[in-house]
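Chemist: Sequence order for the protein chains is G and V. Number 406 marks the last residue of the first sequence (the working numbering); no jumps. Number 782 marks the last residue of the second sequence (the working numbering); no jumps.
Since the hints were made in silico from the structure, they are not lab data. Only a predicted model underlies this, so the values are computations on that prediction, with no experimental measurement involved. Glycine included, each C-beta is placed from N, C-alpha and C at the ideal position. Incorrect hints may appear among the rest.
Derived pair list, reagent style DSS-like, types lysine-lysine, alpha-carbon separation capped at 25 Å [said to hold, decoys possible]:
#, chain 1, residue 1, chain 2, residue 2
1, V, K11, V, K475
2, G, K387, V, K11
3, G, K370, V, K708
Derived, one-sided and incomplete: chain G residues facing chain V with beta-carbon distance under 10 Å [unchecked claim]:
#, residue
4, D259
5, C313
6, F334
7, A335
8, R365
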Amino acid sequence: MNTIEIIEKVSVEVTINGQRQRRDVEPRMLLVQFIRDELRLTGTHIGCDTTYCGACTVLLNGEPVKSCTVLAAQADQCEILTVEGLEQDGKLHPLQEAFAEHHGLQCGYCTPGMLMSSVALLADNPSPGRKEIRKGIAGNLCRCTGYHNIFKAVEAAAEEMREGADHGHQI
Amino acid sequence: MTLSIIGKSVPRPDARDKVTGGKGYPVNVRLPGMLHAKMLRSPYPHARILRIDTRAAEQLPGVKAVLTPADCPQRKYTTVYFVPTDAASMVRDMLVMSDTVRYAGQPVAAVAATSIEIAEQALELIEVEYEELPFVFDPEEAMQPGAPQLHEHAEHNIAVNPVMEFGDLEAGFAAADHVFEGVYETQRVHTCYMEPRVCVVDADGNGNFVVHSSMQHLFGLREKLAYVLGIPESRVRVIKPPYIGGGFGGKLDIGYIEPIAALLSVRANRPVRIEQTRYEDFISTARHPIKVYLKTGITKDGVFTARYAKSILDTGAHATHGAEVINVHGAFGFLLTYRCEHRKWEGYSVYTNNMVGGGYRGYGSPQACFAVESQIDEICDELNLDPIEFRRKNAHQPGDPHPFVQGMHLDTYAFDECLTRGAERIGYAQRTPANTDAGHIKRGVGFACQPLWVSGCLGFPDIYEHSGAIIKLNVDGTADLSTAAMDLGSGQITTLCQIAAEALGLPMEAVRITETADTTTVPFDAPSHASRVTYSAGNAVLAAANVAKERMLKVAGIMLEADAGDLEARDGRITVKGSPDISIAIADVVRRAESPFIQVTEDGPGPTTVEEKGTIIGLSSTAPAGNPSPASVGFVEVTVDTETGEVRVERAVYAHDLGKVINPNGAEGQVEGGFQQAIGYALMENLQFDENSGACLTGDFLDYKMPTAVEMPRSIESIFIESNEPTGPYGAKSLSEPCITVPAPAIANAIFNATGVRIRDLPITPEKILVALGKLPSE
């Protein structure tokens, strides 16, 4: 006793928001810690430690995951998208624009996770109905807004993105 | 003059930052050399610590400091931010660490180490020997003779026992045609702010402390921490975080973390960070459970003759907010709600071996409103009276003297209109009698009122209410606004910038809240609580803007060769009233004020005047002129599945007389968020504890159910009844709290309308409904 177990580190290499990053970390390190503490991308938040609140949602190879429930080592050689990667060439993602315009946020702490779940939702379903939006973000808790302004924001972004697609823009 | 920014749903200035992952949360603060600390918590609800051995922990590599009760100041304090610690009305019964444990989870030791993992490992090496003591979890049992005693100063475990009486209660009951009695109970719920409580404290070795924390009051934290450490307040510098991840009253008191981090930082001579886990947050603060015994006398046509209530509040191991919540509960939840000559209320804030309660939006009123508004509907049902007319008949009237704040009147009071317009919108008159739907899905409509609420705390004993602001104009025609008022997310950054922009005649985007402010740089502000910020801090911002504007117009007057009194500012320009051609950009005025005394131009040196020179700046520190009361009424439509007991809130309508709406979208967001939390309170949320060990059984979001997007009603419609409140900034009064107070009794009343079943204790779970319907055995 009175000694720290020496834990052999593992190498984790990811492409995060388009950038290649490699770190040697303890095998027990969670993906959310890797993103926040190793890569210092602090937009991905921790609101609980039990996979429920969804504040830490990121896209792992395009799929939304709660990054507190994935080990960093499991993300080795994967592509990760976090809230910091949504903005392209100085232009906000339509969902970011819509959340800002429709007051789809208050304290903003759940917003990054809410945005990432919404990105995944619209990728699967470009024209979700209200019920589908509710289900799509049911894994993300927000305590400020009552969700209604988030529904409006997702609907507005979906419309914007469909129109953008109609005009041949890639979003 | 028409308003150009007030009353418009301008986007939030903080929105862009927040949708890109806003960096300004305290949880992101990291300092060079910073250590991580964890707390060891008692497994027993009541115990005496006989021995603590930390030697093994201290020797673990990476451990830099260890703290036990013997290392902590033993000066008792109260945690509540909005009062001075030595206020007569508060109970000082808290210690940072004590050798007596009074609830399961109380910190008994702490370790600071180079990593969280090492700190956690060190905690396992600390040996604590406890002598277990008898415990009590039920407040009424705690009041019985012979019950385990928690604090020497509190006989029968009663922390405070306020009694308020008006008129002659006995005469009032003698005059009644009917007397109704009922008992109503509410549960312990958590505010569920999303950002955990977290702090970083840096002791500099010279007796100074710099503090970062996710909290609702800079100056309260400064005062409390200085008091606990026994040092002058100026030794503590609290940094204002640009944002915090929610509060709702749950960060309205100093936690264990700030003093423990401060003491560890001194010992380690390094900055110390503590971030609570969600489990730790769940046992750090809660809305108090209150049991209300109601007795009400009325005439046969539904006029109150006498109202009596006794309220038992479970304050847990320490009094803290429990000493104040009980008073707000009694006064604004019960005594002041309706007109009645003969009234009496007795409150008991009772110590138990439960977790300590805290602040939570509504601050005692949700518990009272559930009792009062449920019982009124029961009375109306029994005597076949119209629930709308009943409330109208007993209501305060516009122009009445304010029942609480001396010298004020209910000038902009529109309770009647709230009732009328809300009832119209939901179609209350068309509702069917109780339990008339065929089939197992039954529909019901109900409502409840918070007839009188506050815009801050002016008039409350011992509670701060002044605010301050600094507004500084820049040469590019923008303005920086500095204030200690915290935006917990509810939108004060937006509303305060709107007020400043409107007053200065600047475009909205030209005003920004400064990213940095701390207790050494901005005037005192009371906390963000009590629905006060738009009204009270808004008044301070307006006052500061007006000071800056006066100087701005003076300089402009010299430049335009016009009298300052003839000028007006709008859309970034200053114009001579009635002569729109004679105008100048605000940026040019500021540039002139900031320019060298002699400016060399193409025409040669041109001296300005001394009067023009100097930064255009405004400062205020002021208390508001009043505490105007808004009224509010909430209606809901529910469906109840009588086979499963499941309740769905289908639709909500909320009417509130808030004076002038500063930002309609922001205001609607407040209401929608309030209903969300209240639906959780009414139907599902409940902090539960093991009846033998006192351990929290609902310490994560899997076991503590709160509404997700799926449980929300299909619509929440806000009706804002506007007026021009003479004491408010641009006519505003307050909004935030009543929308979380009225939904629970409205839902209970709607469930009765749907099913004929009356539930008098929250949350109204499917099980309770099925038991009441006779479809499940009781226990």
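Chemist: If a hint holds in the structure, say so; if it does not, say that too.
Modeler: Hints, one by one, checked against the model:
no.	hint	verdict
1	V/K11 / V/K475	holds (24 Å)
2	G/K387 / V/K11	holds (18 Å)
3	G/K370 / V/K708	holds (16 Å)
4	D259	violated (15 Å)
5	C313	violated (20 Å)
6	F334	holds (5 Å)
7	A335	holds (4 Å)
8	R365	holds (8 Å)
Of the hints listed earlier, those the structure fails to meet are numbers 4 and 5, in rising order.
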